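K.L.:
These are the residues of each chain, in order.
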Amino acid sequence: MPAAAASCPLTARQVIDLYFMEHRAKLLDIAAFLDRLERSANDLPAAPDGRDDVRVRALRQAIPLLVDNQPDRVRRILDLLSDHSREPIAAAHTQSALGADPYGTY
Amino acid sequence: MAYIDPHIHMVSRTTDDYRRMAAAGCVAITEPAFWAGFDRSSPDGFRDYFRQLTNIEPKRAAAHGIAHYCWLCINPKEAEDVGFAREVMSLIPEFLDQPNVLGIGEIGLNKNSRNELAVLEAQIELAKRHDRLILVHTPHLEDKLKGTRLTMDALKNAGIDPGRVLIDHVEEHTVGEVLDRGFWAGMTLYPDSKCTPQRAVDIIECWGSERIWINSAGDWGQSDPLAVPKCHIEMRRRGHLQSLVDTISLHNPAAFLGQCGRFHLPG
Numbered sequence: 392m393p394a395a396a397a398s399c400p401l402t403a404r405q406v407i408d409l410y411f412m413e414h415r416a417k418l419l420d421i422a423a424f425l426d427r428l429e430r431s432a433n434d435l436p437a438a439p440d441g442r443d444d445v446r447v448r449a450l451r452q453a454i455p456l457l458v459d460n461q462p463d464r465v466r467r468i469l470d471l472l473s474d475h476s477r478e479p480i481a482a483a484h485t486q487s488a489l490g491a492d493p494y495g496t497y
Numbered sequence: 353m354a355y356i357d358p359h360i361h362m363v364s365r366t367t368d369d370y371r372r373m374a375a376a377g378c379v380a381i382t383e384p385a386f387w388a389g390f391d392r393s394s395p396d397g398f399r400d401y402f403r404q405l406t407n408i409e410p411k412r413a414a415a416h417g418i419a420h421y422c423w424l425c426i427n428p429k430e431a432e433d434v435g436f437a438r439e440v441m442s443l444i445p446e447f448l449d450q451p452n453v454l455g456i457g458e459i460g461l462n463k464n465s466r467n468e469l470a471v472l473e474a475q476i477e478l479a480k481r482h483d484r485l486i487l488v489h490t491p492h493l494e495d496k497l498k499g500t501r502l503t504m505d506a507l508k509n510a511g512i513d514p515g516r517v518l519i520d521h522v523e524e525h526t527v528g529e530v531l532d533r534g535f536w537a538g539m540t541l542y543p544d545s546k547c548t549p550q551r552a553v554d555i556i557e558c559w560g561s562e563r564i565w566i567n568s569a570g571d572w573g574q575s576d577p578l579a580v581p582k583c584h585i586e587m588r589r590r591g592h593l594q595s596l597v598d599t600i601s602l603h604n605p606a607a608f609l610g611q612c613g614r615f616h617l618p619g
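First to last, the protein sequences are chains A and D. The first sequence begins at 392 in the numbering used here and counts up by one. The second sequence begins at 353 in the numbering used here and counts up by one.
One or more of the hints may lead you astray.
Unchecked claim - Residues of chain D clear of chain A, computed beta-carbon distances all greater than 10 angstroms:
#1 445
#2 463
#3 465
#4 491
#5 576
#6 591
#7 611
As the list claims (entries may be wrong) - Here are the in silico distance ranges between beta carbons for each label pair:
#8 485(A) / 393(D): 34 to 44 angstroms
#9 585(D) / 424(A): 49 to 59 angstroms
#10 389(D) / 403(A): 49 to 59 angstroms
#11 424(A) / 439(D): 43 to 53 angstroms
#12 470(A) / 543(D): 45 to 55 angstroms
#13 573(D) / 434(A): 26 to 36 angstroms
#14 443(D) / 485(A): 38 to 48 angstroms
Just so you know, the hints here were simulated from the structure itself, not pulled from any lab data. In this text, all values refer to a predicted model and were calculated from it rather than measured experimentally. Beta carbons: idealized from backbone N, C-alpha and C, even for Gly.
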């Protein structure tokens, strides 16, 4: 992206003051989700790092991107969660989407 | 302040929502044809829906001083049955001359299937034949990136001027390609999917304010008909000027929609 250093009118201090509590809460929500998953009855094939669902595997791959000190975190996470194939599929067998590429290598 | 919500499904909303939107400054809306939450059992279900969009909904909006415009199509979720879709498409020309119809939309892809693409191409041709604007729905979640690219390729192959197409529901991984290829981009403000108000403002800060707008896409699901004015609050609390808010939510939509001579702001 053409990202623009200092394209946000706020100072770093103002960004932290405005948004820290909101994102602290979101971080705790992710932690609580993973804890809840481990406490749940396992009706999925066991995996070394938790329940073996493609969405959870994708989430676990995405989390390190938050702290790799590289820019464009949102775009890179959306890319990770996306189907990158180029050809139309033969037929639609469902109307809904999962949130992660069901054929992705997570 | 006056604003336009250029994508909202008022057939799914209450009269109270119209009242609250008017109180917040909404002066005009455009309503694309979409999936009702279930598959309709016959093309006649669409005929009634198109009557609702062209005849009933404008009156509900006018009662609150809001101008109502619409887009007609068969949505991609009901496009897997090509024969059914062709029957619905055959109904559209009889409604195209209604005074509040701006163009064809929201067309696009859902699961990126061959049949969805065939129906998309047919509806692009319909818009081209009648020289109408196009409003594009891009797929959800993991299907968005691929579907956005397939849709832009189909539009290019049909020789459509990208300046007459709004590609909606862009996010950080699609907005760049959409703008770089000359299309208009819409950001949809949803609580859990698409863009939050914060991310929409981030995208404006990174990509600028040219050929871009925000909308609520309020419908029967988790959505907020006041998402647009709430995003304005997010812009102002970051210190953005009112002129930028007006560009995103009034001047840009008016410029794109005004390419159809039927679109006029009230007053």
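K.L.:
Please write out, lowest number first, the hints stated earlier that are contradicted by the structure.
P.N.:
Going through the list in order, the structure violates hints 2, 3, 4, 6, 8, 9, 10, 12 and 14 and respects the others.
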